[in-house]
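Asker: Note that the protein sequences, when read in sequence, are chains A and B.
When the first sequence is numbered by numbering that gives the first Met the number 0, its final residue is 231 and no position is left out of the sequence of numbers.
When the second sequence is numbered by numbering that gives the first Met the number 0, its final residue is 700 and no position is left out of the sequence of numbers.
Calculated from the structure, these hints are not laboratory results.
Remember, it's a predicted structure, so these values are computed and weren't measured experimentally.
Be a bit skeptical, because a hint or two may be false.
Stated by the list, open to error - Within a straight-line C-alpha distance of at most 20 Å, the following computed SDA-like cross-link-like pairs (lysine to any residue) qualify:
| id | chain 1 | residue 1 | chain 2 | residue 2 |
| --- | --- | --- | --- | --- |
| 1 | A | 200 | B | 481 |
| 2 | A | 1 | A | 125 |
| 3 | A | 200 | B | 542 |
| 4 | A | 1 | B | 542 |
| 5 | B | 481 | A | 194 |
| 6 | A | 200 | A | 228 |
| 7 | A | 200 | A | 174 |
| 8 | A | 200 | B | 541 |
| 9 | A | 205 | A | 109 |
| 10 | B | 481 | A | 10 |
| 11 | A | 205 | B | 542 |
| 12 | A | 200 | A | 218 |
| 13 | A | 1 | B | 481 |
| 14 | A | 200 | A | 181 |
| 15 | A | 1 | A | 122 |
| 16 | A | 200 | A | 97 |
| 17 | B | 481 | A | 56 |
| 18 | B | 481 | A | 106 |
| 19 | A | 1 | A | 118 |
As the list claims (entries may be wrong) - Listed next, the stretches of chain B that the computed footprint assigns to chain A, with coverage defined by at least 3 CB atoms under 8 Å from CB atoms of chain A:
| id | stretch |
| --- | --- |
| 20 | 494–502 |
| 21 | 523–535 |
The beta-carbon is built from N, C-alpha and C at its ideal position, and this holds for glycine as well.
Here's the letter readout for the chains.
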Amino acid sequence: MKRTIAIVEDEPAIRDNYAAAFAREGYSVRTYASRRLALQAFAARLPDLVVIDISLGDEPEGGYELCRELRARSAGLPIIFLTARDSELDAVSGLRLGADDFLTKDLSLAHLLARVNALFRRVDALTRPADGQQVVHRGALTLDGERLQVLWNGQPVLLSLTEFWIVHAIARHPGHVRNRQQLMDAANVVLDDNTITSHVKRIRRKFQSVDPAFDAVQTVYGMGYRWVDPAG
Amino acid sequence: MLIRTKLLLLGLATLALPWAGCQYVREVEGSLRVAEGQSLLAVAQTIATSLRGRQDLLYRGLAEPAPALPAGPYDLVPVPLAAPPQLDGRGDDWPAAASWRRIRGRRDGEALELRAGSHERYLYLLVRAPGDRLVLDASDDAALDPGASGDRLWIAYATPEGARQQLFVSGWSSGTVRGRRVATRELGRPEFVEEPRVQGALRRLDGDAGWAMELRLPLSMLGGEFGVLLDDRDARGATPSSYGSASPRELVPRGRLVAAAPELGGWLAQFGQPGVRIAAATPQGHVLAEANALPAVGTEAGGSQALLSLLYRRFLPGTTLAERAAPADRGLLDAAQAREVAAGRGSTALLAAPGGRRLVISAAAPVREAGSDRVIAVLQVAQTADRWLLLRDRALTRLLNLTLLAVAIVVGAALLFGAHLALRLERVRRASDAALSRDGRIRTRFPGTDGRDELGDVARAFAALLGRLADYTDYLRTLAGKLSHEIRTPLTIVRSSLENLEAEPLGDGARTYVARAREGSERLAAIVQAMGAATRVEEAIRSAERTRFDLADLLETATQAYRDAFPQREFRLEGAGHPCELHGAPDLVLQAVDKLVDNAVDFSPPGSTIRLRLRDAAGDAVAIEVENDGPPLPTAAGPRLFESLWQYRRGEDERPHFGLGLYIVRLIAEFHAGSARAEDLPSPPGGVRFTLGISRRSTEM
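Whenever a hint applies, use it, and build me the whole structure from the sequences.
Answerer: Encoded structure:
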């Protein structure tokens with residue numbers, strides 16, 4: 000059965016372009032120009048994944064509203080925020096509402112598709128019993144590459160997709176410095192230095208909310224970041 | 000001109016107040032004077048009216064209406080003397096300026112000078128013959144011997160009964176003189192009779208410069224006609240040269256004695272009041288008699304008041320109001336007043352008493368002949384103006400004191416106000432000077448905006464203007480970021496469309512164009528990215544966290560990374576030998592150093608050395624210097640190098656340069672309470688040095 004992707008986007012050209020790209024990948028695509036139309040349709044049936052633009056028509060933050068309502072109805076529905084704005088505030092509030100990822104619109108279609116695929120893989124993995132193949136253990140850290148899940152001391156750390164991939168990239172080889180370019184490649188994203196920095200900062204904060212003593216992500220000035228396993 | 004000075008000048012304009020006050024006081028004084036003059040004149044007219052037709056009371060021996068009045072040249076009008084003079088021929092006890100009558104002889108240098116005065120019942124004569132050698136009689140008896148007699152003075156007069164008489168006075172030694180009257184014996188033979196009623200003294204003038212004689216005659220023996228004649232001999236017994244106011248041959252008086260009737264003084268005295276002088280005078284102004292009770296000069300109110308008023312009078316000219324000086328001769332009335340009265344009009348005048356600052360108001364009225372309008376005498380009533388002079392002085396002094404106080408208050412207030420105003424203006428000026436900082440920031444806080452006057456308005460207008468200006472610069476500053484957001488959506492349309500297009504079956508030609516369009520859109524995306532970078536950096540800085548870190552360690556690892564990243568350049572790090580602990584945001588510091596190094600790499604030739612230096616001075620200031628061997632800075636750049644979107648270079652490379660790098664450096668320096676500088680190094684070897692100054696203990700802003 001084809002997976003259904005809903006695109007809620009007020010800009011028709013972008014909406015249709017994205018729809019075309021997803022359709023080409025074999026997804027069933029439904030598009031909505033406003034929050035109201037999307038909610039009406041979702042009331043009947045939820046899609047498998049939702050791509051939401053933050054500002055919808057005359058509702059500058061209509062995307063957040065929609066995300067909250069969707070999350071209330073389904074905890075597991077993958078939600079991707081798309082926006083022309085890339086300021087940190089937007090990112091933080093978007094993720095607090097429980098979006099799985101947060102992307103700027105200048106992301107290429109290929110990268111967008113990679114994320115969509117990854118999220119679907121995670122959905123699939125969650126429905127299967129864990130085979131442990133993609134699971135990496137680094138001391139207190141448990142990385143599930145299939146479910147895109149991170150555990151620290153057995154407790155889940157809720158990371159966005161980009162954050163997960165960054166953690167994944169540096170924690171796979173503890174002690175090795177990953178520069179920014181490598182991190183961007185791993186995260187399927189093109190970001191500038193400051194955005195990488197704030198992603199790393201956010202990752203640290205999320206781990207610290209689980210374990211205040213967390214200090215495993217180290218900055219190597221001028222080069223990048225590395226994972227320091229406190230146990231070894 | 001300073002506002003303070005202007006206000007001071009304005010305050011000085013209040014000096015017009017005392018001037019106006021003085022004008023007012025003078026006007027009041029003038030009208031007082033007129034009123035006083037009028038009342039004095041009324042008194043004078045009353046007295047004059049009661050004297051109408053009373054020649055008998057006025058003039059001795061001139062009962063007949065005197066047709067010769069006004070007086071002829073030989074008429075003698077004795078001055079009323081305050082005290083009887085000593086008969087010593089000196090004349091120093093006569094009123095100083097009593098006028099002399101001078102009668103010339105025929106020969107050169109011959110002259111007889113004559114003064115007459117009256118006191119009580121006596122007529123006093125002072126006769127002087129300056130330049131004439133005194134020839135005395137040989138002896139007392141020799142006076143009667145024409146062959147042995149010397150100079151003699153004849154007096155020809157009419158008795159009160161009208162009979163003509165002659166007597167002569169001579170002396171045989173300096174000192175006492177003797178008078179001898181001519182008595183007619185039978186057959187017309189004259190005989191000289193001793194005349195004891197004539198007393199006198201003869202005195203040779205000092206240095207033999209002539210002689211003087213002082214005589215006293217009882218007025219009772221004299222009538223209306225009077226003349227003197229000098230028989231001037233050069234030697235005893237010589238033929239005399241005769242001259243005087245009597246005819247030399249017949250010894251008939253040619254002039255008259257115009258003297259007051261004996262009762263006049265007493266009659267006038269009955270009108271006397273303290274402080275008032277009442278005088279009767281001839282129409283020519285010669286005083287006949289007076290009842291004088293003017294207070295003596297010199298009763299001046301002493302003390303500081305007088306000193307002050309003296310001072311004021313110095314600076315306020317015209318407070319001396321006298322029309323003219325009173326005649327120095329007490330025997331004369333003011334000539335102008337006498338003339339006016341002689342013409343039949345009453346007159347008042349304000350006169351300055353001689354020698355003093357005292358003022359006298361004099362009112363004079365004509366005394367007329369009975370039944371005609373002819374003026375036969377002048378009656379003067381005078382009073383000192385001291386009373387209201389004092390009043391005026393007091394008023395003036397008070398007025399001046401008060402107005403000076405007012406002026407001082409006004410000037411002081413003006414000065415204070417001016418200083419206050421100037422201070423506020425200065426604050427506004429300084430604030431407006433400092434409103435635009437050197438790095439282009441606008442301070443919108445403006446002092447003095449709570450003032451409720453026009454200056455407050457100005458300050459508020461400035462504050463509003465600065466606010467708008469700040470908004471506008473803010474708008475300009477964030478314009479790039481906003482634009483990048485706006486452009487992103489259409490750019491996304493273009494890029495996603497191109498990506499979709501690539502998935503479509505296309506010819507080779509079409510693919511080429513798609514590839515070019517993609518390339519263009521990538522570049523556009525890079526530009527948009529760069530344009531939004533400033534905003535993102537500002538946001539990143541706003542949310543940056545401070546930790547303790549070792550700057551030396553950071554530079555060490557970073558330099559290592561630069562060596563890897565830019566193999567074409569040599570990197571040398573100096574001054575990082577020992578730890579340099581800082582409290583700040585290491586990510587940001589590193590980012591700033593990255594930008595400086597990027598910049599240095601861009602501008603230095605391949606193979607050259609880029610020098611990084613950590614200057615860890617004592618105190619708070621720490622500096623990171625990055626030097627390269629590139630060309631000098633553009634002279635026009637200056638501090639604008641560190642401004643947002645300052646595009647100062649046009650490289651051949653593909654990357655768009657928006658000058659953001661150095662702006663970010665500046666933002667980071669400011670976050671660390673420091674500053675960013677750029678300077679050319681001295682040539683040779685030349686090069687450019689960028690300095691990032693940061694404070695060791697920058698705190699949260």
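Asker: Between residue 200 of chain A and residue 542 of chain B, is the straight-line Cα distance small enough, at 20 Å or below?
Answerer: 11 Å, holds
Asker: Starting from residue 200 of chain A, check that the Cα of residue 228 of chain A is at most 20 Å away, please.
Answerer: 18 Å, holds
Asker: Against the 20 Å threshold, does the CA-CA distance of residue 200 of chain A and residue 97 of chain A hold or violate the hint?
Answerer: 18 Å, holds
Asker: Taken at face value, is the distance from the CA of residue 541 of chain B to the CA of residue 200 of chain A at most 20 Å?
Answerer: Cα-Cα ~14 Å, so holds.
Asker: Between residue 200 of chain A and residue 174 of chain A, does the CA-CA distance stay at or below 20 Å?
Answerer: Holds: residue 200 of chain A and residue 174 of chain A sit about 19 Å apart, inside 20 Å.
Asker: Straight-line Cα separation of residue 481 of chain B and residue 106 of chain A no greater than 20 Å?
Answerer: 19 Å, holds
Asker: Would the hint linking residue 1 of chain A and residue 122 of chain A be met if the CA-CA limit is 20 Å?
Answerer: 14 Å, holds
Asker: Within the stretch 523–535 of chain B, is the number of residues with a Cβ closer than 8 Å to a Cβ of chain A three or more?
Answerer: Our answer is that it holds, as 7 residues pass the Cβ test (under 8 Å) against chain A, meeting three.
Asker: Would the pair residue 1 of chain A and residue 125 of chain A pass a check requiring their Cα atoms to be no farther apart than 20 Å?
Answerer: Status holds; Cα separation ~18 Å.
Asker: Could you grab the alpha-carbon distance between residue 481 of chain B and residue 194 of chain A and see if it respects the 20 Å cut-off?
Answerer: 18 Å, holds
Asker: Does residue 1 of chain A pair with residue 542 of chain B here, judged by a C-alpha cut-off of 20 Å?
Answerer: 43 Å, violated
Asker: Under the criterion that the straight-line Cα-Cα distance not exceed 20 Å, is the pair residue 200 of chain A, residue 181 of chain A satisfied?
Answerer: Answer holds: residue 200 of chain A to residue 181 of chain A is near 17 Å, not above 20 Å.
Violated hints, in rising order: 1, 4, 9, 13; the structure is consistent with all others.
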